[in-house]
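*Asks:* Chain residues, written in single-letter form:
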Amino acid sequence: MEVMKESDRGTVKLIRHRSTGKRFVLRSFQGNGEVYRELLAYRSSRLPMIYEVASEEDRNLVLEEYIEGDNMGTLLKESLFTPKETRKIVRDLCLALWVLHSMGAVHRDVKPENVMLRGGEAVLIDFDAARFYKEESDSDTRILGTTGFAAPEQYGLSQSDTGADIYALGVLINIMLTGSHPSQKLAPDKWGRIVTRCTQVNPAKRYKDVLHLLGEL
Amino acid sequence: MKKCPDCGASIPEEASFCPVCASSINQRREPEPPRRYLSRKTVWMAAILLLAALIGAGIYAFNRPKVYEGAGEVFYSDSEGSYQLLTNYTLDRHEPMELLDTAAGAEERYRFPSYLYINYADSGIDATDIFMEKVSSADFEILQPEDSKTPIKWSDPEPMDINQEAALISLVDFTRESKTPAQLVWTLHMDNGDTVKLSMDLAITPTTIYDYNSENADLSDTAALQALMERAAEEAGERDTINIYLPPVTYTEQLVVPDHAFNLIGSEEDGKRTTFTEGIRMGVPGKGYWISYFTGIDFRGDGNGIGLSTAGRAWAKECRFYNWKTAVLGYGSVWTNVTDCVFEDNGIGFHFNARDSAYVASDTHFTGNEFTGNDTAVFLEAVPTDVKMDFGQCVFTDNGADIDNPDQQPIDITQAIFQ
Chain A
2 MEVMKESDRG TVKLIRHRST GKRFVLRSFQ GNGEVYRELL AYRSSRLPMI
52 YEVASEEDRN LVLEEYIEGD NMGTLLKESL FTPKETRKIV RDLCLALWVL
102 HSMGAVHRDV KPENVMLRGG EAVLIDFDAA RFYKEESDSD TRILGTTGFA
152 APEQYGLSQS DTGADIYALG VLINIMLTGS HPSQKLAPDK WGRIVTRCTQ
202 VNPAKRYKDV LHLLGEL
Chain B
709 MKKCPDCGAS IPEEASFCPV CASSINQRRE PEPPRRYLSR KTVWMAAILL
759 LAALIGAGIY AFNRPKVYEG AGEVFYSDSE GSYQLLTNYT LDRHEPMELL
809 DTAAGAEERY RFPSYLYINY ADSGIDATDI FMEKVSSADF EILQPEDSKT
859 PIKWSDPEPM DINQEAALIS LVDFTRESKT PAQLVWTLHM DNGDTVKLSM
909 DLAITPTTIY DYNSENADLS DTAALQALME RAAEEAGERD TINIYLPPVT
959 YTEQLVVPDH AFNLIGSEED GKRTTFTEGI RMGVPGKGYW ISYFTGIDFR
1009 GDGNGIGLST AGRAWAKECR FYNWKTAVLG YGSVWTNVTD CVFEDNGIGF
1059 HFNARDSAYV ASDTHFTGNE FTGNDTAVFL EAVPTDVKMD FGQCVFTDNG
1109 ADIDNPDQQP IDITQAIFQ
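Chain order of the listed sequences is A and B. Residue 20 in my numbering sits at position 19 of the first sequence, and the numbers go up by one each step. Residue 936 in my numbering sits at position 228 of the second sequence, and the numbers go up by one each step.
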């Protein structure tokens, strides 16, 4: 029906099933599709349902649920979110990330453009940069996250793990409330403290996991 | 083929989705997180209870706290038993170390781990789990001269996969400009108020760096180079660094590396690179465990022999190996790395055949290599440790076999390209 996104890494198309009229997202990208394959066995209202994955060498084709709603990146161009809205959305994102982290995966690209708001619920999309983390590795020098949202360890300081998503979530919270990166303008009061804890350079000083952040919210 | 449970259409056995009726046909889990997060009210109630408990514990602790101090090791006893806490940087959990006397050569940065081991004092058995339950917090710090140009740095203490035997590990980084004497101090604050302090002294000696090049040494042919290396190996201290900057000369005889680590750095001028046509051989090192680096050198063979054979620690970087029976061979008791090298038209590109290494792996990187047109690009016949070898960003093209791994060595090829 339409090309939703096109980049060097691949394309994202909206397609319609001929006989049923159901709409799906068809994602084609180069890279590692193992997280998509694992998600075939999961269902969560905070993640798009992955219907089918086909891979040949490093080329992947993914059929996934079309999330009908508003993209947070687009909404943020118009206005900021209230603390109450932020709290609800970030709680949903924590639960979405919890599913990924409990699988042993890390999203690595949490940002407004990868959050869809469907009714009163937030859905985390786009796992093209997601990986299963390997605790034995001493570094992960690949840079796949989006500049400004990627945690320092994704630039080669240490293995990117669940802490990298918590970092990006901290940046996201700040942008939802202030429109700026925390280094430019920190969210006030309690929110500022949460953002600061999420974005500690040393991953060990961040929230231990998304459930701890959820508890704080 | 199988049938879609919704519409009965025939679909492939491995399908998760029916393209006919557009329904999902695989079983799915719907994970719910554990309710580990607490409401504000619960937190307050818990805090009040905790406060009461702390007051009680405080009264007890006021009467009891003791400080235990030791260098290399310290013994701690309570009503449940006696424990030996010791620190070192080796994999031996029973070897306390009061002093680490190390050297710093020309490398930009050096790192070693500081391990904290906890054993039962009587049996020597690992007591980490039971002891750490009594620990409320653990700190690690390094006391060092304030005027150090590059102060020694350390990571927060935590359990790490690099050594699962150690209760806690901190990674210590230093350079040749880090000033010592310094002291590494582990401090454990026990639940009962006791404090355990465990220290290890650190001395860093900057080694002498010898630089040889065409202007201060005869490097015109293999015989001259061989003579220089033998003289340098005799004159230099075991820990000293010897760098030899080679001119873009073709060395037509085999070079035998004497018993000392050498850094041979090739060069390029007017399209001509430093080249060896009869290869380089490193025997079993008699002293030291320093790594010999070979950088920016071409190895061009005639289809026979070995380009770089080594029974000592070696690392080839940005080298090119053409037309050898075996381009790089690590054998005996050794760890060898190759990174950013080219292996073309060889019988075997990189052959690891070393057992019972006296040393742990130097590094997990085998990244950025190009393997093209070899009969076997990588042959892991025997690798002395089971660390995962990282072949990220390696490109394998038109080889008879890309990776022959009869030893079933753990390897990471997720970021390698096979074409």
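Just so you know, these hints were derived from the structure itself, not from any lab. Some hints could be false.
Calculated cross-link-like contacts (lysine-lysine; reagent style DSSO-like; alpha-carbon spacing at most 27 Å) [as the list claims (entries may be wrong)]:
| no. | chain 1 | residue 1 | chain 2 | residue 2 |
| --- | --- | --- | --- | --- |
| 1 | A | LYS191 | A | LYS78 |
| 2 | A | LYS23 | B | LYS710 |
| 3 | B | LYS887 | B | LYS861 |
| 4 | A | LYS6 | A | LYS78 |
| 5 | A | LYS89 | B | LYS711 |
| 6 | A | LYS206 | B | LYS710 |
| 7 | A | LYS23 | B | LYS905 |
| 8 | A | LYS209 | B | LYS861 |
| 9 | B | LYS842 | A | LYS209 |
| 10 | A | LYS206 | B | LYS711 |
Bear in mind the structure is a predicted one, so any value in this text is a computation, not a measurement.
*Asks:* Each hint should be assessed against the structure and marked as holding or not.
*Replies:* Here's how the hints hold up against the structure:
1. Note on LYS191 (chain A) and LYS78 (chain A): the hinted pairing holds, with a Cα-Cα distance of about 24 Å set against a maximum of 27 Å.
2. Proposed proximity of LYS23 (chain A) and LYS710 (chain B) is supported: the alpha carbons are some 23 Å apart, at most 27 Å.
3. Restraint check for LYS887 (chain B) and LYS861 (chain B): the C-alpha separation of about 12 Å stays at or below 27 Å, so the hint holds.
4. Annotation: proposed proximity of LYS6 (chain A) to LYS78 (chain A) holds, straight-line Cα distance about 18 Å (limit 27 Å).
5. Proposed proximity of LYS89 (chain A) and LYS711 (chain B) is contradicted: the alpha carbons are some 42 Å apart, above 27 Å.
6. Proximity of LYS206 (chain A) to LYS710 (chain B) is assessed by CA-CA distance (about 51 Å); at most 27 Å being required, the pair is judged violated.
7. Of the supplied pair hints, the one linking LYS23 (chain A) and LYS905 (chain B) is violated, its CA atoms being roughly 66 Å apart against a limit of 27 Å.
8. Proximity of LYS209 (chain A) to LYS861 (chain B) is assessed by CA-CA distance (about 23 Å); at most 27 Å being required, the pair is judged to hold.
9. This hinted pair checks out: LYS842 (chain B) and LYS209 (chain A) have alpha carbons roughly 21 Å apart, not beyond 27 Å.
10. A threshold of 27 Å between alpha carbons decides the hint, and for LYS206 (chain A) with LYS711 (chain B) the separation of about 52 Å lies outside it, so the pair is violated.
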